[in-house]
Every structure is written in structure tokens, then in C-alpha cells.
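Participant: Please model the entire structure based on the sequences and the hints provided.
Note that the protein sequences, when read in sequence, are chains A and B.
Residue numbering for the first sequence follows our numbering, beginning at 9 and increasing consecutively.
Residue numbering for the second sequence follows our numbering, beginning at 55 and increasing consecutively.
Mixed in with the good hints, there may be bad ones.
Now the in silico label distances, taken between C-beta atoms and shown as ranges [as the list claims (entries may be wrong)]:
id : chain 1 : residue 1 : chain 2 : residue 2 : range
1  : B       : L114      : A       : T228      : 16 to 26 angstroms
2  : A       : V238      : B       : Q63       : 19 to 29 angstroms
3  : B       : Q94       : A       : D25       : 46 to 56 angstroms
4  : B       : T268      : A       : G121      : 48 to 58 angstroms
5  : B       : R112      : A       : C203      : 35 to 45 angstroms
6  : A       : D209      : B       : P263      : 50 to 60 angstroms
7  : A       : N18       : B       : T200      : 48 to 58 angstroms
Mimicking DSSO-like on lysine-lysine, the simulated pairs with C-alpha atoms at most 30 angstroms apart in a straight line are [to be verified]:
id : chain 1 : residue 1 : chain 2 : residue 2
8  : A       : K199      : A       : K71
9  : B       : K93       : B       : K111
10 : A       : K71       : A       : K192
11 : B       : K87       : B       : K111
12 : A       : K137      : B       : K218
13 : A       : K199      : B       : K111
14 : B       : K209      : A       : K139
15 : B       : K58       : B       : K93
16 : B       : K209      : A       : K137
17 : A       : K192      : A       : K12
18 : B       : K209      : B       : K58
19 : B       : K58       : B       : K87
20 : A       : K12       : A       : K199
21 : A       : K139      : B       : K218
Rough simulated footprint, nothing fancy, chain A against chain B, three-plus residues with beta-carbon under 8 angstroms [claimed, not checked]:
id : stretch
22 : 109-115
23 : 173-185
Derived from the structure by calculation, the hints contain no laboratory data.
Cβ atoms here follow ideal geometry from the backbone N, Cα and C, with glycine treated the same way.
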Amino acid sequence: MIDKTTSLENALRTIRDGDTIMVGGFGVPGTPFTLIDGLLELGVSNLTLIKNEANEDGMGLSKLIEANRVQKLITSHLGLNATVIGMMNRHEIEVAFYPQGILAEKIRAGGAGLLGILTDIGIDTILAKDKAVVTVDRQPAMVEPALRADVALIHAAVADRFGNLIYEKSARNFNPLMATAAAKVIVEAEKLVECGDLAPDQIHTPGAFTDHIVVLDTLTEEYGILAHHVL
Amino acid sequence: MSFKEKIAQRAAAEIGAGQIINLGIGIPTLIPKFLEDHKQVVVHSENGILGMGLPCKRGLEDRNLIDAGGTYVTTGRGAAFFDSALSFTLIRGGRLDIAFIGALEVSAAGDLANWIIPGQYSPGIGGGMELAQKARRLIVTSMHTTRNGDPKILKACTLPLTAKGCVNTIITELAVIDVLPAGLVLREIAAETEIDTVIARTDAALLIPDGNLTRY
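Facilitator: Set out below in C-alpha cells:
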């Protein structure tokens, strides 16, 4: 099978200003901090980012936003990031909020080649404002268009050279969904193994979805335990 | 015991054996320490965990194992991990027995407002709307009034809603109140309070059953 491992620079080199980029992770677990740092280094701007949250102030996705590289953020919750909330309130960044599971389904639909989903979540709320509403089985349902991206940045615990991926514990979250929903899927992996080393039954994302694998030699401090969340 | 712990302890008593529950941020996160082992309650977390154990002891944290609020947690026997789509499939699909959630306002009709104060507080929706709308039972755990002493249980919500008619039960430091078709029914009151106090601190009308109310 083809070997998809490459350098960080090579993996990111086709990303352009104005691209839409999905970024895996829910808090620290599953956030591809090394790929995000590479993106910061690359200097691209006017990005549209899609991530569950924006990490915490000064970390991960927040670094790209704080460096004014991001035009729009599509997300679910920013409760742990006062900096990005402040930028949103000052209109320095456009933010679109979705219910967390609807964000996940929009991405899943995009990955599955569907045009959108129908949902009643938020139908009685301000969320329904300006949404197309159709009737299904005599119930009103909002049309939520599918989401796709130019690039997805994924963090995996283990990858084989073909790009079969395994995630660990709560680091799975949005990663396997986003890995299906982008034109180019770039994976950082904590551990690389040979094809055939992973049991086929254990694989979370099959290699067909993976374009590039960047093997992490070391994990930066950002991947570690956050002292303020320790009891 | 603090008021918040008292609310959490009373809330824990609402959980039946083997039920699947989800705990929102704030007071609900205090519930696990009041769960009795023999009940074999299974705790779900939006970020992809079923079968969470207690919060992690200092020094034993796993960088890949947090709950949806960012706290380092543990898993119990029989736990499972899954992606965010499956996590909400469990919620929207009707497999979540009880969601415990905080509130800014609850109305007499069981409407909930807890995610935005326009111009002041707008962190986003998170999983709240799906939990409120689709959990089989939604229990609000909250202080009875705001920090300023204003009632949170109102005739009608003034803030943008999280979901309409979604609340089944309200548990505060003063009372346990059920949202029934007839209206808000006072089910129990706290040991250290009186019915008149509960009525005075509630904006919505309360239906008071005949006879002595259970104290907690």
C-alpha cells in the first residue's frame, strides 16, 4: 500500500488564503496542535475554521484567531475562551454557532456526500430565524446544509502508513467525522505502524480518507495536562 | 453541606437503577458523589463517553480523558468511547433517561432559557438544546433565585429559549417542583424553609397539594 507519511511542511503546502479548514478536537484531546502551529507558521489568512470550540485562550485554534488569520469560525461553544468571545463581540471575527450534535451531523452529511440534514433542534428558538423550514410527517423541520472543507486537520493516536487511523478515548470526538468531509485530509499521528499491524476490526477511520500523515516525534506542552482543570 | 450540594444530593435521588444520565456544567457535576453504587447509574458525556466514573484524583489525570466541561475524569467498568455524532445520536435518539441542566429561567410551561443573555453572555449553544429537547426527562438543578434574589421560575421566560416545554422537574435549595399539564406542582420543600417562602420567591403560580409535603 502507498506510504502517505510526509513532512509537516509538505503536508500543509497547498493550503491557501481563504481556505475552509476543519480542525478535530474537543478541548485538548484530539486537537492537532502541531498541524495548527504549522498553519500559523505558513502565514495563510482569511480562513474559515470549523471546530467544536476554539481551545482555550492562547492555545491551539485560539492562536490562529488571536493572530487575526481567521475571518469566520463555525463552532458550538466558546465558554472556555474569553479572548475569542471578546473578538466576536467586537466583530473582529464572525462566529456561527450550531448545537453540538447538529454541527457533527452537518459534517457527517458533508462527508457522506449528502446535501444536508433535516432537524427540529432549536425549532422554537432564535436559531430557527432565517432557516428554511419544511414539513416532514406533518412536523416542521429546519434544513441544515451539509458542511465540507478544503482541508481537515486530524489528530490520531496511531496511524499505519496507508492512513488507517485509531483515536484514543475522548480524543476521538469530531476527528473521524471531519476526516470524511474535506478535499484534503491531513493527519498528525502520535505513533506510526506498518500496514498490517493494526487489526482491521479496531480501525476507526479507514485509510481511503487520509491524504497525508505527519508523524509526531515529540508532543509539545499543549498536549499535556491543563493544571487549571486538575482537581 | 452547601446549598448546591443539597440540590445535587436531592437530584441524585431522582435517578432510577440502571438509568443513563447526562450532567450539565455547574450543580449537576456534583451529583456523582451522591450516586449509590448499587444503582449502577451510567453517566454519559457529550464529548463521547458512556460510563464515566468519578472525577480524576490529582496526579492520575489522563490527557485524553476529559468530560465535556474539561474536567479530567475516569471511566467505570463497561465504559465506551465514541465520536460526537454517535454521542448525540444517543441523546436525540431517545436513549438518555435523564439530563440534569442548569437554568437562567424556567417558565410555568416548562420552557427553559439557559444559553444566552443577549449583549452580556453568549458562549454558544453546546449540547444544551439537544439535551433539553430530546432527553426523556429534563431536570433543572438550580438555585431558586438569581444572585440578586430575583425569581428564576417565572410565568414566562424573558430570555431567548433553549427549548420550549422541555422541563419535567425543577430542584432548588428550597423546593422540588414538577412541571405538569395543570401547571407547576410543589412536590417537596427543603427542611429549613416554609411554603410561604417558596411561593414568595417564585414568580409563577404554584399548585400546592393537600396534606403535608415531604421535606428534604
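Participant: Run every hint past the structure and note whether it holds.
Facilitator: So, going through the hints one by one against the coordinates:
Against the hinted window of 16 to 26 angstroms, the Cβ-Cβ separation of B:L114 and A:T228 comes to about 22 angstroms, which satisfies the hint. A hinted range of 19 to 29 angstroms for the beta carbons of A:V238 and B:Q63 is consistent with their spacing of about 25 angstroms. A C-beta distance of roughly 54 angstroms is found between B:Q94 and A:D25, which places it inside the suggested range of 46 to 56 angstroms. Taking the beta carbon of each, B:T268 and A:G121 are about 56 angstroms apart, inside 48 to 58 angstroms as hinted.
A C-beta distance of roughly 41 angstroms is found between B:R112 and A:C203, which places it inside the suggested range of 35 to 45 angstroms. In this structure the supplied range 50 to 60 angstroms holds for A:D209 paired with B:P263, their Cβ-Cβ distance being about 56 angstroms. The hinted range of 48 to 58 angstroms is satisfied by A:N18 and B:T200, whose Cβ atoms lie roughly 55 angstroms apart. Proximity of A:K199 to A:K71 is assessed by CA-CA distance (about 25 angstroms); at most 30 angstroms being required, the pair is judged to hold.
Between the alpha carbons of B:K93 and B:K111 the distance comes to roughly 23 angstroms, so the proposed pair stays at or under 30 angstroms and holds. For the proposed pair A:K71 and A:K192, the alpha carbon gap of about 22 angstroms is at most 30 angstroms, so the pair holds. For the proposed pair B:K87 and B:K111, the alpha carbon gap of about 13 angstroms is at most 30 angstroms, so the pair holds. At most 30 angstroms may separate the alpha-carbon atoms for a hinted pair to count; A:K137 and B:K218 meet this at roughly 15 angstroms.
As the CA atoms of A:K199 and B:K111 are separated by approximately 28 angstroms, the hinted pair is consistent with the 30 angstroms bound. Straight-line distance between C-alpha atoms of B:K209 and A:K139 comes to about 29 angstroms, which keeps the hinted pair within the 30 angstroms bound. Among the hinted pairs, B:K58 with B:K93 is consistent with the structure: their alpha-carbon atoms are about 22 angstroms apart, no more than 30 angstroms. A threshold of 30 angstroms between alpha carbons decides the hint, and for B:K209 with A:K137 the separation of about 24 angstroms falls inside it, so the pair holds.
Among the hinted pairs, A:K192 with A:K12 is consistent with the structure: their alpha-carbon atoms are about 12 angstroms apart, no more than 30 angstroms. Taking the CA atoms of B:K209 and B:K58, the gap is about 24 angstroms. The hint holds against a cut of 30 angstroms. Only pairs whose Cα atoms come within 30 angstroms are accepted, and B:K58 paired with B:K87 is accepted, the gap being roughly 13 angstroms. With a CA separation close to 14 angstroms, the supplied pair A:K12 and A:K199 stays within the 30 angstroms bound.
The suggested pairing of A:K139 with B:K218 holds, with an alpha-carbon distance near 18 angstroms, which does not exceed 30 angstroms. For the stretch 109-115 of chain B, the assignment as covered by chain A holds, since 5 residues bring a beta-carbon within under 8 angstroms of that chain's beta-carbons and 3 suffice. For the stretch 173-185 of chain B, the stated coverage by chain A is satisfied: 9 residues place a CB nearer than 8 angstroms to a CB of that chain, which reaches the threshold of 3.
Consistency note: the structure conflicts with none of the earlier hints.
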